[in-house]
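Protein chains in written order, with the numbering used here: chain A, 4 to 421; chain B, 2 to 159.
There may be inaccurate statements among the hints.
Per the computed footprint, the stretches of chain B lying under chain A, defined by three or more beta-carbons under 8 Å from a beta-carbon of chain A, are [claimed, not checked]: (1) 15–28; (2) 34–47; (3) 64–76; (4) 81–95; (5) 98–112; (6) 136–144.
Taking lysine-lysine and the DSS-like style, the derived pairs with C-alpha atoms no more than 30 Å apart in a straight line are [to be verified]: (7) B:21 x A:140; (8) B:15 x A:145; (9) A:192 x A:6; (10) A:71 x B:16.
Stretches of chain A that chain B covers, calculated by requiring three or more beta carbons in the stretch to come under 8 Å of a beta carbon on chain B [to be verified]: (11) 10–17; (12) 45–51; (13) 182–189; (14) 321–331; (15) 345–357; (16) 384–391.
It is worth saying that the hints were derived from the structure and are not from the lab.
Predicted model only: the values in this text are computed from it and were never measured.
Every residue gets a Cβ at the ideal spot worked out from N, C-alpha and C, and that includes glycine.
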Amino acid sequence: MDKVLLKKLGDPEAHKIDNYVKAGGYKALGMALKMPPDNIIQAVKDSGLRGRGGAGFSTGLKWSFIPKDPTIKKFLCCNADEGEPGTFKDRGIIDWDPHLLIEGMIIASYAIGAAKSYIYIRGEFALGAARLDAAIKEAYAKGYLGPNVMGTGFNHDMFVHRGFGAYICGEETALLESIEGFRAQPRKKPPFPALAGLYSKPTVINNVETLSCIPAIIERGAKWFSSIGPEKSPGPKIFCVSGHVKKPGLYELPMGTTLREIIFNHAGGMLTEKPLKAVIPGGVSAPMLTEKDLDTSMDFDSLAAKGTMLGSGAVVVMDSSACMVKTAYIINRFFSHESCGKCTPCRDGTPWLTNILMRLEHGEGKQGDVELLEGLCANIFGRTFCPLGDGAVMALRGALKNFRNEFEYHAKTGRCLG
Amino acid sequence: MLENVKDEIQGVLKKYPDKKSAVMDMLRIAQREASGHLTKEAMDEIAGLLGMPPVEVHAAAAFYTMCRINMPAGKHRVWVCRNLPCSLMGAEHIIKYLEKKLGIKTGETTHDLKFTLDTAECLGSCGTAPMMQVDDDYFENLTESKIDEILAAKGRES
Ligand SMILES: Cc1cc2nc3c(=O)[nH]c(=O)nc-3n(C[C@H](O)[C@H](O)[C@H](O)COP(=O)(O)O)c2cc1C
Numbered sequence: 004m005d006k007v008l009l010k011k012l013g014d015p016e017a018h019k020i021d022n023y024v025k026a027g028g029y030k031a032l033g034m035a036l037k038m039p040p041d042n043i044i045q046a047v048k049d050s051g052l053r054g055r056g057g058a059g060f061s062t063g064l065k066w067s068f069i070p071k072d073p074t075i076k077k078f079l080c081c082n083a084d085e086g087e088p089g090t091f092k093d094r095g096i097i098d099w100d101p102h103l104l105i106e107g108m109i110i111a112s113y114a115i116g117a118a119k120s121y122i123y124i125r126g127e128f129a130l131g132a133a134r135l136d137a138a139i140k141e142a143y144a145k146g147y148l149g150p151n152v153m154g155t156g157f158n159h160d161m162f163v164h165r166g167f168g169a170y171i172c173g174e175e176t177a178l179l180e181s182i183e184g185f186r187a188q189p190r191k192k193p194p195f196p197a198l199a200g201l202y203s204k205p206t207v208i209n210n211v212e213t214l215s216c217i218p219a220i221i222e223r224g225a226k227w228f229s230s231i232g233p234e235k236s237p238g239p240k241i242f243c244v245s246g247h248v249k250k251p252g253l254y255e256l257p258m259g260t261t262l263r264e265i266i267f268n269h270a271g272g273m274l275t276e277k278p279l280k281a282v283i284p285g286g287v288s289a290p291m292l293t294e295k296d297l298d299t300s301m302d303f304d305s306l307a308a309k310g311t312m313l314g315s316g317a318v319v320v321m322d323s324s325a326c327m328v329k330t331a332y333i334i335n336r337f338f339s340h341e342s343c344g345k346c347t348p349c350r351d352g353t354p355w356l357t358n359i360l361m362r363l364e365h366g367e368g369k370q371g372d373v374e375l376l377e378g379l380c381a382n383i384f385g386r387t388f389c390p391l392g393d394g395a396v397m398a399l400r401g402a403l404k405n406f407r408n409e410f411e412y413h414a415k416t417g418r419c420l421g
Numbered sequence: 002m003l004e005n006v007k008d009e010i011q012g013v014l015k016k017y018p019d020k021k022s023a024v025m026d027m028l029r030i031a032q033r034e035a036s037g038h039l040t041k042e043a044m045d046e047i048a049g050l051l052g053m054p055p056v057e058v059h060a061a062a063a064f065y066t067m068c069r070i071n072m073p074a075g076k077h078r079v080w081v082c083r084n085l086p087c088s089l090m091g092a093e094h095i096i097k098y099l100e101k102k103l104g105i106k107t108g109e110t111t112h113d114l115k116f117t118l119d120t121a122e123c124l125g126s127c128g129t130a131p132m133m134q135v136d137d138d139y140f141e142n143l144t145e146s147k148i149d150e151i152l153a154a155k156g157r158e159s
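Chain A on its own, in the form it takes in the complex:
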């Protein structure tokens, strides 16, 4: 499969507009602007593209929910908050190929009739924000942004909104609150953003990788896209591989590549002679898998069938030196740090989990701690305002399901097993 999303990775000149255009960039935009907007939405639906931000919702369907009334203002927001530990794919696109994202965003905006779009980028990505600012400026200068885009009468303005450190801003309604200048706490749904989003106007929120697939869908067609990977979740996918492998990094592969292929054929296999113990397939919210699951196809449905998820496509590989109590503690510490404080089960439950995991990890656990963890999980899961708390529980339950003996050993002896 030739690369679509990461073809510029590592090329120090590729982010400049002249090089992008020379390599065929903004051709898809020209083609799209000649199409009726509804035909673009149909093509994206037909392509089978599903959101790469984690939930895997049909992108074309999401766009089709936007009211057609041209007198209503609409917005597009690109989610570049990239906060799920293990994930570094959106940064790979933004730093090396910012115009790919911008082109995808202009096409999406034209399809839904949005005159303004915002890229919400996490605050720590200073280079990415600077790259985007510069690229947007270049696009204005060349007439791809601003009034009368490419002479077609379509007007579009694009802005970068920088975050300031908060994982919850990746949740789409918290992201909107954050742009509006409030504390970034999730909103009640419904109404869904497609009807009342940014400044209460119809809004589409899509992930960086999702939007970066759009130019290729327009240029090469929906059929080409849907022929890559599994029928129900097709397309190219970026896998972020980290942890105990020889060649960690970003790998753009067909959706549905197996975990084994990703780890052993692409990421160079295990770092040392120590064997694989556990692997998180989709960012730390995704329950971990073990050696026996390595032949699982990496796509939304196959991973859901295994009780875990594709999430952001972040594959964290752990060898036999990794203690699962420590792993669970570190993951949970993240969620309790990032809990936004809006609802009680998450605000009070995640630090409680973290405290228990910390004492287990530090050899100060008590008999009954494992059961206490399980009880807390049951009281958090499904009872939180947004999925952040669920993510914390899913991660912990995954560790307990596969490695309960390690937790019990820690509780009893204060030490690691083996």
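Chain B with the ligand: place on chain A using the hints.
Frame of chain A, contents of chain B with the ligand only:
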């Protein structure tokens, strides 16, 4: 205090239909202009400029991890990533090494006011772990000798 950056602020305000949306950019600018932290005066000034009640600006600031309220920071801010991928690749050792090298604990500032050391829960650089952020820049695949070089170079900056 925000007098010297009027043009930058005008640019920020132009991005949004509602002034209030500029609060995060304004907090970032104010923090940059005042030794890496936010004073009550700066936040009140932002409230005035954006027509927001001061309490809302304070609430927004308190929400975000990168805001540093009423605690001047050193000239250079260092954040060592310590979430799972970095931890698997030795983040704890990197943190200990930096604490020893700078003679401070995490969360503290060196006596010469050059460095403030903190940890971070995933900076999105997991394929090049262990890593740290110094001011706006990422430093990846860290080793002790790399850290020595980075600190020496930063320490020389006047
Ligand atoms: C706690 C939480 C954090 C999230 N973080 C991100 C993120 O960093 N980036 C992202 O694209 N989506 C994130 N999402 C998913 C978004 O809410 C949303 O589903 C997504 O941006 C939609 O875009 P897509 O359809 O293109 O995937 C997060 C969701 C939750 C509940």
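Right, here's what the structure says about each hint:
As drawn, the segment 15–28 of chain B meets chain A at 11 residues by the rule of a beta-carbon pair under 8 Å; at three or more, the given contact holds. Counting residues of the segment 34–47 of chain B whose C-beta lies closer than 8 Å to any C-beta of chain A gives 0; at least three are required, and the coverage claim is violated. Note: the segment 64–76 of chain B has 5 residues with beta-carbon separation from chain A under 8 Å; the three-residue rule is met and the coverage holds. Against chain A, the segment 81–95 of chain B contributes 7 residues with a C-beta closer than 8 Å to a partner C-beta. That satisfies the three-residue criterion, and the hint holds.
Counting residues of the segment 98–112 of chain B whose C-beta sits closer than 8 Å to any C-beta of chain A gives 0, which falls short of three, so the coverage hint is violated. Beta-carbon proximity to chain A at under 8 Å applies to 3 residues in the segment 136–144 of chain B; the threshold of 3 is reached and the given coverage holds. The suggested pairing of residue 21 of chain B with residue 140 of chain A holds, with an alpha-carbon distance near 24 Å, which does not exceed 30 Å. With a C-alpha separation of about 21 Å, the suggested pair residue 15 of chain B and residue 145 of chain A falls inside the 30 Å cut-off, and the hint holds.
Between the alpha carbons of residue 192 of chain A and residue 6 of chain A the distance comes to roughly 37 Å, so the proposed pair goes past 30 Å and is violated. In summary, the hint linking residue 71 of chain A to residue 16 of chain B is supported, as the alpha carbons are separated by about 25 Å, within the 30 Å threshold. Note: the segment 10–17 of chain A has 0 residues with beta-carbon separation from chain B under 8 Å; the three-residue rule is not met and the coverage is violated. Remark: the segment 45–51 of chain A is not confirmed as covered by chain B, as 0 of its residues place a Cβ nearer than 8 Å to a Cβ of that chain, below the required three.
Only residues whose C-beta sits within less than 8 Å of a C-beta in chain B count toward coverage, and the segment 182–189 of chain A has 6 of them, enough to reach three; the restraint holds. Only residues whose C-beta sits within less than 8 Å of a C-beta in chain B count toward coverage, and the segment 321–331 of chain A has 4 of them, enough to reach three; the restraint holds. Against chain B, the segment 345–357 of chain A contributes 0 residues with a C-beta closer than 8 Å to a partner C-beta. That does not satisfy the three-residue criterion, and the hint is violated. Here the segment 384–391 of chain A counts 0 residues with a CB under 8 Å from a CB of chain B, which misses the bar of 3, and the coverage is violated.
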